[in-house]
Amino acid sequence: MFEIMDKKKIGPEIVQMVIKAPLIAKKAMPGQFIMLRVDEHGERIPLTIAGYDRAAGSITIIFQVVGYTTNDLAQLDPGDHIKDFAGPLGMPSKLEGYSRVLCVGGGVGIAPLFPQIKYLNDKDAFVDVIIGARSAECLILRDEISKSSSNVYIATDDGSLGHKGFVTDVAKDLIEKGNNYDLVIAIGPLVMMKAVSQLTKEYDIHTIVSMNPIMVDGTGMCGGCRVTVGGETLYACVDGPEFDGHLVDFDEAIRRQQMYKKEEQIEHDCKVGRGR
Amino acid sequence: MSIGSKKTPMRVQDPQIRKNNFQEVSLGYTLEEAIKEAKRCIQCKKPRCVGGCPVNINIPKFIDHIAKGEIEKAASVIKETNNLPAVCGRVCPQEEQCEARCILGIKGEPVAIGRLERFAADYTMNLPEGDFVDPISNGIKVGVVGSGPASLAAATDLAKYGYEVHVFEAFHEPGGVLIYGIPEFRLPKGMVKKEIDGLKKLGVQIHTNIIIGKTITVDELLKEGYKAVFIGSGAGLPRFMNIPGENLNGVYSANEYLTRINLMGAYEFPVNHTPVKTGQRIAVVGGGNVAMDAARCALRLGAQEVRIVYRRSHEEMPARREEVHHAGEEGIVFDILTNPVEIIGEDGWVKGLRCVRMELGEPDASGRRRPEAIQGSEFTMETDIVIIAIGTSPNPLITAATKGLDVNDWGGIIVEGETGATTREMVYAGGDAVTGSATVILAMGAGKKAAAAIHKRLSENN
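Chains as they are written, first to last, in my numbering: chain A, 1 to 276; chain B, 1001 to 1462.
The following block holds chain A by itself, in its conformation from the complex (with noise of 0.2 Å):
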């Protein structure tokens, strides 16, 4: 059992917890991921690290609410216990040697971006972040990351704060103004980190995804997680979750994520008291 330390609402439906996990908190590193079960009835979910306080013994995890296993999470409270936490899974993102980076970050997406914007401001690399999401309110960690980078960009769908419109737009008007970016990382929504990649390939700039398929074990084992790269099979668990956004096949992707929408519906009509 696994200990809910704090709890907050950060945006409309967006959760931050802090759960203490001394043994994950000791070894996590920036781009890796846990996997949660919130019950005994509950799916294993895996959450990529939003931030991890060594000497506290905690990981931060942040989770819009878009499921079953999400909903079931956010009605938890501090003192509460989450079943089963496990991890760091994954490999840490290669950050080394980078000195202009573009972080770019989308809705939730925003969340395990921030342990690589430390990371790298912490190592004194000159990071610019792009943040966007639907509307202002949805905007999380916008304090945190403007201490730990040099600028941050906004868009918002509806205008609502910064530039009206997609993150790329702004990506591509600051890569056009000469930054000479030497690496891009971009984490949020599939077709977001398709277009960006899209994008960072006429400029020839080395960009990083984080991929969150699918998964049962974390571990290498259901090999549910199969992503193609480069034309190669991996496993998202094991070989990433970061990829090289210029080989991912996202379109592979975005189907896959669309595996299990009808059972998605049977078990939000239960939770309703429709169906069965």
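It is possible that part of the hints are untrue.
Within a straight-line C-alpha distance of at most 25 Å, the following computed DSS-like cross-link-like pairs (lysine-lysine) qualify [claimed, not checked]:
| id | chain 1 | residue 1 | chain 2 | residue 2 |
| --- | --- | --- | --- | --- |
| 1 | B | 1403 | A | 94 |
| 2 | B | 1141 | A | 26 |
| 3 | B | 1194 | B | 1079 |
| 4 | A | 83 | A | 27 |
| 5 | B | 1006 | B | 1045 |
| 6 | A | 27 | B | 1223 |
| 7 | A | 262 | B | 1351 |
| 8 | B | 1351 | A | 261 |
| 9 | B | 1201 | A | 83 |
| 10 | A | 27 | B | 1227 |
| 11 | A | 27 | B | 1141 |
| 12 | B | 1160 | B | 1201 |
| 13 | B | 1403 | B | 1223 |
| 14 | B | 1036 | B | 1073 |
| 15 | B | 1227 | A | 26 |
| 16 | A | 83 | B | 1200 |
| 17 | A | 27 | B | 1403 |
| 18 | A | 26 | B | 1223 |
| 19 | A | 83 | B | 1189 |
| 20 | B | 1194 | A | 83 |
| 21 | B | 1193 | A | 83 |
| 22 | B | 1403 | A | 26 |
| 23 | B | 1036 | B | 1007 |
Below, a sample of chain B positions facing chain A; criterion: calculated Cβ distance under 8 Å [stated by the list, open to error]:
| id | residue |
| --- | --- |
| 24 | 1171 |
| 25 | 1172 |
| 26 | 1238 |
Stretch by stretch, here's where chain A covers chain B in the computed footprint (C-beta under 8 Å, at least three residues) [stated by the list, open to error]:
| id | region |
| --- | --- |
| 27 | 1204 to 1214 |
| 28 | 1254 to 1261 |
| 29 | 1271 to 1281 |
| 30 | 1387 to 1397 |
Just so you know, these hints were derived from the structure itself, not from any lab.
Think of the CB as a built atom: it goes at the ideal place given N, C-alpha and C, for glycine as much as any other residue.
For this one, chain A is given, so just place chain B on it according to the hints.
Relative to the frame of chain A, chain B by itself:
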């Protein structure tokens, strides 16, 4: 004494009924049936059966106790060398091991050793504990990685030698393949849990949610005072066929399919929140026990037609005869001498399986006749779900994180045969992590050997 030439039959659930439920297929012997079967044993002076058992159970002795109605004594004899009799009595391939050597098998059927082992285990499982002797702890810590058959066997013996044993399991539930792989209808999870409870009573501490190689490394265990580490992490990495279409929606590794159903309880979705795809037509590729398990699960989840697609013939199938027989009874269709060449999709979902018919040529390295494609025999079978059950490889997660732990070409940990000693000092390994996918009992045998070797080594040091 009259010796029947045939085994006392064991009752099974009717195929037409059991194909719709996940309850156990084989129902076990009654006391009368067990005694009757035990009396078939002629108590050979030089019993050949014992040599066929990877953990050398004193078979004639336990059978003699059953024949005399002394079931608790029978169970004690088995437990001297095998701490998981309820599991082994169900899933061991006795027909290739102990029973294959039974003298009665020459003219008739061998003694049903497996069924008797299961009977003794089940019969005594719910009885109150006897005069249980708590092993005297020597205070020396030993780590065991994984909690499948190899690890459970090693942990049991190490605990009996007096070590403070800590088992580390990556999943939320101990048992390894016994829990995630073998379905409820073949090995009820309640049985596995009870056997593991027995281990806990020996003082073994089981830590779940710990991924050795990630959460803690083998080196850290050794540094933190563990005097030896046994790795029994299994062969968890699924193999795919590398044919076009394998990443379509609706294609599963057998590992994923079975884990969703067994460990996560997807057959009770949405009570359990893990879903699994159900379909009308399901094709399972492979001919081993895992393929049979996946096919029979698919049937129980409501599929109208489940096909086993296997490139060799019935004779070469690695699955146990009994499992193939049970699958056939339940209505699984066998497409033998058939090899998939492509998975056909429509809008990203599986639509069909393109296959080619095969014929058997000369024997290959495995001694089995090599299947060769028949030119122009390609055809497409319609299917909604494809499950790939062509084997697994050792998981590289631990070996990649442990310097100096050597593996062979296909990822198996290299060990010294008799002891299980790896290329790392005080690190031992056994089971599928060493051999690649094999049987529960072979893994247990390897776990016991390693436990004995660890004990010998640590005794010398003190």
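Discussion item. Under the constraints set out in the numbered hints, which ones does this structure not fulfil?
Written reply: none
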